[in-house]
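Protein chains: 2
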Amino acid sequence: MVSELSFTEENYLKAIYHLSSDGTESVNTNSLAESMNTTPASVNDMVKRLAQKNLIGYQKYKGTTLLAKGKKVALTIVRKHRLWEVFLVDKLGFKWDEVHEIAEQLEHIKSPNLIKRLDAFLGHPTMDPHGDPIPNEEGIMKETVRASIAEVAVNAKGIIVAVNNDDTLLLQHLDSLGIQLGSKIAILERMDFDGSVSISIDEGPKQFLSKSVAENLMITLTD
Amino acid sequence: MVSELSFTEENYLKAIYHLSSDGTESVNTNSLAESMNTTPASVNDMVKRLAQKNLIGYQKYKGTTLLAKGKKVALTIVRKHRLWEVFLVDKLGFKWDEVHEIAEQLEHIKSPNLIKRLDAFLGHPTMDPHGDPIPNEEGIMKETVRASIAEVAVNAKGIIVAVNNDDTLLLQHLDSLGIQLGSKIAILERMDFDGSVSISIDEGPKQFLSKSVAENLMITLTD
DNA sequence: ATTTATTTTTAGATTCATCTAAAAATAATA
DNA sequence: TATTATTTTTAGATGAATCTAAAAATAAAT
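From first to last, the protein sequence lines stand for chains A and B.
Here the first sequence is numbered in this note's numbering, starting from 328 and rising by one per residue.
Here the second sequence is numbered in this note's numbering, starting from 328 and rising by one per residue.
Careful: at least some of the hints might be erroneous.
Identical chains blur together in the list; that is why a pair holds if it fits in one copy or across any two.
[Stated by the list, open to error] Straight-line alpha carbon distances no greater than 30 Å define the calculated DSSO-like cross-link-like pairs of lysine-lysine that follow: (1) 443 - 511; (2) 389 - 437; (3) 511 - 418; (4) 422 - 443.
If you are wondering where the hints come from, they were derived from the structure by calculation, not from laboratory data.
These numbers come from a predicted model, not from an experiment.
Just need the whole structure built from these sequences, with the hints factored in.
Printed below as a string of structure tokens:
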């Protein structure tokens, strides 16, 4: 009974979802406007419409929250977005940072059957190339565990999701090791005396990271 | 310089392309309206807009034709549509008759790079699951050769594109042989004395068709 | 508690794609 | 050729999604 939402409506719901996913209980007009790259007035118009469709809760001057129906839509969009990203990277060979825009379009394709088949074709992935979890059909997703290489257990596997430092020398060093955002990493050993670790990138050969490098490399753990 | 067309504009161009692909030099308002499932008045509005953008030629009461720019857009849409259909059938396991609607949506995804990669991923197909040719990047496509099984050379391969008869018994017979629209067929031998042929469906075992069945089965030849 | 600043809402326009109803042009027929 | 039928176009409206500019409400600061 969620009649047939426009791309714009879907994008608003997704934006509200993302803005409230960090515990914020109510999303205000201004931040939504910024996130949607539009004006507060436009947001206000749209918010009224979504509220009337019982997708979001809204009271004048009090911001908005997703209602059950709206949250379900948002999670479906997020699911589709992240599945398509996996497709683009794993099957079509796109780089981690090239896929967002295309997935922004693909996420609005309407066909539950398509997504079911795509999911199976991709091997039911639980994480997208950025290390973000993919909601299942019920909208449930694993909580992602984020940690630096320095604090993670030996034998852990994960995806590089951030570098806590923009020092050019560090970035060049990572580059020479073949480490990029989205790379799959396995922690092989940790040397206790100096905190250095041996790792493998994308199933490649063993390589070494000093403690200071390891501390700056953030990953999300893969199952 | 084809700024950024809306889905609707793209669909109009595609419709004009299809309506004029059978030699008709000029597409009239009424048939476009029927094809677009809308009113002549709406068509008239849109046609003016497309003409102003130099995508189509239009003179009052004289119908429309695609100009070079519009034809290029139309062929790109057709290319995308058919490539996505191949993806849906070959990779996701959809049936021949389930893919059109989804491809209607996917054809509007804007990313030349995506299509380039998809094309490579699919092995640069030249024909879609319905036996229609896929335009290349320059908009050029092979002419399809359509013929009945009865008139085609031994060793020919093709795709079933039509059954020239809606006799239930014939359809049931084809069904029992595993023959559907979209099936790949190879002609193995022809018995001259009765015109019957032996064939293989989707690389399956050898099967036999009587002349009367062969006459009713239309295929397009694969390269 | 006023004043000032920020946020949010309203009012009124605009653009796109559409519609209905009616007028105008063209084509077909008697 | 006059009449009828068909096709096409115009005129005027509507509903989304947006905008700008200004008013109203709330929050922050003096």
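Unsatisfied constraints (hint numbers, rising): 2
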